[in-house]
Amino acid sequence: MTREIFIAHVEREQEALRSFLLALCCGNKGDADDLAQDALVKAYLASAGYQDKGRFRSWLFKIAHNTFLNHKASLRSTESIDEARTLVSNAASDSGFEHQDLYLALRTLPPKERSAITLFYLNGYNIKEIATITDASEDAVKKQLSRGRDKLQEQLKMNNGQ
Amino acid sequence: MDMTKDKALEDLFLAQKPQFKDNADFMASLTKRLDTVEFIKQHQEATIRRYKMMMVAAFVVGIISGAFAIAFVLSTPAEPLFTFSIQSAFLLWIAENSRLIVSTAIALLMTVGTISIIGNVQDILRMRRQLKMDMKHC
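If you're matching them up, the sequences are chains A and B in order.
Heads up: the first sequence begins at 142 in my numbering, then just goes up one per residue.
Heads up: the second sequence begins at 2 in my numbering, then just goes up one per residue.
No wet-lab data here; the hints were simulated from the structure.
Heads up, none of these hints are tricks.
A few chain A residues that face chain B, going by a derived Cβ cut-off under 8 Å, partial list only:
1) R144
2) V151
3) E152
4) S160
5) L163
6) D174
7) Q178
8) L181
9) Y185
10) L186
11) L243
12) Y262
13) L263
14) R290
15) L293
A few chain A residues that don't get close to chain B, going by computed Cβ distances all over 10 Å:
16) M142
17) G195
18) A214
19) R248
20) P251
21) T273
Some, not all, of what chain A presents toward chain B, calculated at C-beta under 8 Å:
22) Q155
23) E156
24) R159
25) V182
Glycine is no exception: its CB is placed at the ideal position from the N, C-alpha and C atoms.
When you get a sec, could you build the whole thing from the sequences and use the hints?
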């Protein structure tokens, strides 16, 4: 894949990729964009081996998902919901401020459940596609989705004071 | 396991879908990063190419100097270059093959010397290029 073709693909897919990473980073736009840039550089370096089968977005999401997991692993910090509650939204994520409840709830999910839920509800992927992107079995994805959904619902209820 | 979509959750996620107003900035930043990646890639490729050339040059010099050494050994009378006063099987073997040993050692030294000279020349050229680049950025 030439650089021009890669750039053309990225221009088409960048919003979907950034939305995905923004949800994974729970509304932190700075982190999400940094991860998106890292993922795109990795994708560019690996693009020589990419065979175009009309699945550029899935391929990109797979790289982004791995980049996110590596980033989380490198942080080695435990983030509690209490920390999330005190999180101050930066200017860049103000557009998502009204959805802070969703981001706070997402923050309570482990990274893999967060990825599965985001890919399922935000990006509209089915279980088989999510399994391919996250390198997990379909059963594992089903479990992640089921657990994640229950936790999210519970957390959203708590946030809404119900 | 029930995998139907939770409508309320789906609506919440869809409503959360952000609008990005800085797409051009994002792409500009990515282009800059890709330029840097390209530069590093080209630099690495050039370094590998130079290294390969250096190895080929050293190999050729080694072969030529080896051939000269063998020719020298074959063209001289088969008398040992040196002898030992102590009688030992090992020292006797060294004395008998002294010409061959000395010639091989010379060929090896020439090869190592060639690699070292080429390496030093490359270092000097790299430093000159770096200096030029630094001066440009000043």
